[in-house]
Amino acid sequence: MVLNTLLPVNCIMDTRTEAAQLATTGRKPGATMGTLSLAAGGWVSNLIVYLIGEYNVKSIEAAKIFNIFNGFITIFPIIGAIIADSYLGCFSVIWISSLISLLGMVLLVLTAGLEPLRPSKCGNGSYLCSDPSKIQLIILYAGLVLSALGVGGTRFTLATMGADQFDKPKHRGIFFNWYLVALYIPSVISSTAIVYVQDNVSWASGFGICVAVNVLGLAIFLFGSRFYRYVRPQGSPLMGLVRVVVAAVNKRKVKLSMKGEDYYQQLHDGASTVMAATPTQFFK
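So for the sequence shown, the UniProt record's numbering puts the first residue at 1; every next one is plus one.
Do not take every clue at face value.
With a straight-line cut-off of 20 angstroms between C-alpha atoms, the simulated DMTMM-like cross-links for lysine to aspartate or glutamate are [what the hints assert, rightly or not]:
1) K64 with D131
2) K134 with E61
3) K121 with D131
4) K58 with D199
5) K121 with E54
6) K64 with E54
7) K251 with D199
8) K134 with E115
9) K121 with E61
10) K134 with E54
11) K58 with D131
Bear in mind the hints are in silico, worked out from the structure with no lab data behind them.
Build the full structure now, drawing on both the sequences and the hints.
Structure follows, in structure tokens:
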């Protein structure tokens with residue numbers, strides 16, 4: 001992910017179509033972007049308890065499911081960053097991911113609020129519990145996957161787009177400090193206050209708070225869209241690495257030429273050409 005100091009001015013735009021006026025765009029709007037992280041932790045912190053208590057999932061299986069979705073939350077930000085750098089840009093990835101996260105949270109609210117979407121609870125002291133049906137699991141997993149996708153699409157891109165709003169490295173450093181504050185304080189709130197609501201009021205109320213916060217964060221983000229700076233997608237360096245690996249695999253059986261002129265490399269105008277050493281099969 002690249003910052004605007006590494007880019008020519010004509011790569012930085014406002015309204016996504018015109019070159020940005022650097023004196024009038026950015027700065028303050030970047031500080032509001034951290035609010036979208038508030039809804040992420042509400043469903044993650046208490047997921048194991050929800051699976052065991054409401055879906056009659058055994059503790060070991062619940063821990064496995066929790067670890068799988070934690071893995072998704074770790075991997076999806078990389079995918080979101082590649083898409084933002086190569087194709088859509090940070091702004092589009094952020095609002096699309098936030099909308100996807102909202103849809104996932106709505107599904108989780110429905111699973112918590114509608115009894116037909118959950119298996120019947122175990123009787124007191126009974127070890128015979130009904131397993132969730134396939135449709136119940138599909139709806140539950142769909143909500144979890146969508147929520148994880150939403151978290152992944154915003155985690156890195158929010159930080160990058162926020163930093164693009166500032167000209168000076170000092171201001172970017174301040175932004176990153178406050179961005180981390182806005183990222184971790186909601187985690188504390190979700191692990192305490194929202195978990196308390198889920199355990200002592202209702203699961204639907206706890207998930208409903210996450211939905212409300214998600215809607216608020218998305219609305220604030222879109223409301224400030226005319227003030228943001230937009231950086232054109234420049235292409236992800238990871239895609240170049242992938243192409244190199246693919247080319248190396250495809251050409252793994254190609255016989256090496258012993259002619260030095262076959263290994264000249266095209267250089268920029270004015271640069272002197274250097275003959276490459278004759279390749280061998282050994283490291284020296």
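Comparing the hints with the structure gives:
no., hint, in the structure
1, K64 with D131, "17 angstroms, holds"
2, K134 with E61, "16 angstroms, holds"
3, K121 with D131, "10 angstroms, holds"
4, K58 with D199, "19 angstroms, holds"
5, K121 with E54, "7 angstroms, holds"
6, K64 with E54, "16 angstroms, holds"
7, K251 with D199, "58 angstroms, violated"
8, K134 with E115, "15 angstroms, holds"
9, K121 with E61, "17 angstroms, holds"
10, K134 with E54, "15 angstroms, holds"
11, K58 with D131, "10 angstroms, holds"
The structure shown violates just one earlier hint, number 7.
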